[in-house]
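Chemist: These are the residues of each chain, in order.
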Amino acid sequence: MPSPENIHPDEQAFLAEHSLKRPLKVLDVWALGVGVVITGEYFGWNFALKDNGPIAVLIASLIVCLLYLTWVLALSELSVAMPFAGGPLAYGRRAAGPLLGFVMGWSMFLECQFATIATAMATGGYIAFLFNPEQPSKSVETWSALATVVIFFVLHVQGVREQSTVMVVMTYGAILGLVIFWILAAGNFRWDRVWTHPLLPFDKGWRAVLDAVPFALWWLVIIETVALAAEEAHEPHRTIPRGMIWAQLTLIVLVVLTWLFACGAVDDAQQLGATEVSYPLAKVIAIISAGKSPLAVYGFGLIAIFGMIASYHGMVYGTSRQAFAMGRSGYLPALLGAVHSQRRTPVPALGLCSLITGGFIIANLWYKDAIALALLVSTLTALIWYILAMWCLFVLRRREPAIFHQYRAPLEWVLPISVVVLSGFAAWMYGGSNTSVLPLTAILYAAGVGYYWFWSRNKIQTAAPEELSARGRL
Amino acid sequence: MIEGIASAALVLVLAVLGWMIVAAYVPEWGEVASLEIEVIGMIALLLAALSSVSVVALLHTR
Chain A
1 MPSPENIHPD EQAFLAEHSL KRPLKVLDVW ALGVGVVITG EYFGWNFALK
51 DNGPIAVLIA SLIVCLLYLT WVLALSELSV AMPFAGGPLA YGRRAAGPLL
101 GFVMGWSMFL ECQFATIATA MATGGYIAFL FNPEQPSKSV ETWSALATVV
151 IFFVLHVQGV REQSTVMVVM TYGAILGLVI FWILAAGNFR WDRVWTHPLL
201 PFDKGWRAVL DAVPFALWWL VIIETVALAA EEAHEPHRTI PRGMIWAQLT
251 LIVLVVLTWL FACGAVDDAQ QLGATEVSYP LAKVIAIISA GKSPLAVYGF
301 GLIAIFGMIA SYHGMVYGTS RQAFAMGRSG YLPALLGAVH SQRRTPVPAL
351 GLCSLITGGF IIANLWYKDA IALALLVSTL TALIWYILAM WCLFVLRRRE
401 PAIFHQYRAP LEWVLPISVV VLSGFAAWMY GGSNTSVLPL TAILYAAGVG
451 YYWFWSRNKI QTAAPEELSA RGRL
Chain B
475 MIEGIASAAL VLVLAVLGWM IVAAYVPEWG EVASLEIEVI GMIALLLAAL
525 SSVSVVALLH TR
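Chains as they are written, first to last, in the numbering used here: chain A, 1 to 474; chain B, 475 to 536.
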């Protein structure tokens with residue numbers, strides 16, 4: 001917290017005007033972590049099954065689980081040391097200056113924004129499935145997705161305490177949805193559908209595991225949103241590590257059980273990997289004998305929507321907080337850094353994120369691979385900043401060890417090295433199997449860095465907490 | 475003790491990922507056993523690493 005002798009009066013006034021409340025406790029952080037990620041259990045990972053099979057997806061998923069377990073441990077250390085809504089912006093700014101700060105903040109903004117887009121569209125997909133399980137309507141999907149965007153914009157404008165309470169309830173609902181899915185799918189489960197012969201496809205061998213990794217990342221990507229909550233967390237040195245670890249362990253259990261029952265319940269799991277299947281669990285229910293009961297189909301579909309909107313809710317939180325922090329610091333237009341005078345919520349940032357999401361939902365009417373593309377952009381930009389964040393951790397541990405006095409992650413150097421190697425391994429897979437996502441990601445980075453270089457680098461707000469922290473004054 | 479096990483498991487996983495890339499692109503160089511044994515070994519190693527790092531994480535945030 002700022003101390004009067006360090007912070008000038010004008011800086012104190014800026015901080016007070018742009019401050020957020022601090023109501024979040026361990027349960028809220030856990031719910032945010034599980035809730036924001038749980039959509040990955042409901043869709044996205046299934047694309048990894050195509051041409052690869054269940055065992056390749058299991059191995060890819062376990063690699064991804066290990067990546068995220070090590071990542072949340074290391075990220076907790078950075079997050080507690082610099083508990084600001086800017087998260088990666090603050091880490092990069094402090095470790096190497098404004099350009100790295102911008103690149104890391106921009107990466108997380110893109111990660112969250114594209115995850116939000118993919119999740120809004122998939123939410124529409126589940127709702128359209130509910131209306132007509134035989135032939136889901138594209139217009140119902142689009143209108144449902146747009147309605148989701150509007151409803152959650154309004155909810156987030158109300159306040160962080162209110163939206164956190166809703167998040168806890170929706171996270172319980174999302175987990176209940178998965179439990180119902182496991183129970184229904186267990187009735188049709190057979191081991192030989194999971195433990196296939198051959199275990200990996202003849203023509204691909206271990207290459208199948210590598211090809212499955214980019215989509216398996218979607219199981220767990222975006223849990224780092226929790227790091228942005230540090231500025232709104234009560235005693236972040238206790239709440240952030242505990243909340244993140246428990247959330248991550250909960251998610252690993254959900255990943256393994258969902259993979260097991262989804263793949264073991266249908267004769268050919270690869271059919272779940274078709275690009276038009278944005279509702280794989282509902283599809284499993286519709287295929288199996290339990291799906292003959294309308295109650296099972298509609299009941300599960302209804303509860304599954306909890307999973308989708310719980311994650312959408314958390315992703316809107318992450319996108320808006322990153323846009324807010326970058327606007328507050330002057331890296332993006334200053335308007336994005338404004339907060340509502342009474343509710344202390346970042347209304348302009350929420351509005352921008354919702355508008356971008358709405359625009360992509362409409363564009364999805366003409367581009368059928370939009371969901372797969374959006375989630376690949378999201379995961380690739382995530383991997384880029386994971387690697388950069390670990391570099392920041394190396395630099396700051398060596399140069400400013402005192403800032404980590406409240407919390408040090410276990411496993412010393414093995415932990416960040418593991419994150420770097422596992423992230424590099426996953427990122428490298430994009431070059432081999434998903435080349436279409438690379439040009440779009442490159443254009444997005446060029447646009448962002450161009451904006452920073454030609455416009456915002458001379459407009460950085462020196463009183464923003466991320467900037468004060470970088471100069472050792474906060 | 476458990477931190478040492480977790481560190482060793484992590485380092486082993488990183489090394490095995492290197493082997494997996496070789497086995498994926500040059501299968502005749504990477505073959506060390508039957509595919510079934512390789513798959514079981516890989517899953518066992520990943521589960522061991524996940525379990526040991528999880529225990530360390532829980533002990534560390536008590």
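Derived by calculation from the structure, the hints in this document are not laboratory data. Virtual Cβ for every residue (Gly too), placed ideally from N, Cα, C. Some hints could be false.
[Said to hold, decoys possible] Quick partial rundown of chain A residues pointing at chain B, CB under 7 Å, derived from the structure:
| no. | residue |
| --- | --- |
| 1 | 66 |
| 2 | 205 |
| 3 | 241 |
| 4 | 242 |
| 5 | 245 |
| 6 | 253 |
| 7 | 256 |
| 8 | 365 |
| 9 | 410 |
| 10 | 413 |
| 11 | 421 |
[Said to hold, decoys possible] 25 Å max Cα-Cα, derived SDA-like pairs, lysine to any residue:
| no. | chain 1 | residue 1 | chain 2 | residue 2 |
| --- | --- | --- | --- | --- |
| 12 | A | 50 | A | 288 |
| 13 | A | 50 | B | 520 |
| 14 | A | 204 | B | 536 |
| 15 | A | 25 | B | 520 |
| 16 | A | 204 | B | 515 |
| 17 | A | 25 | A | 166 |
Chemist: Which of the listed hints are not met by the structure?
Modeler: 6, 7, 8, 10, 14 and 15
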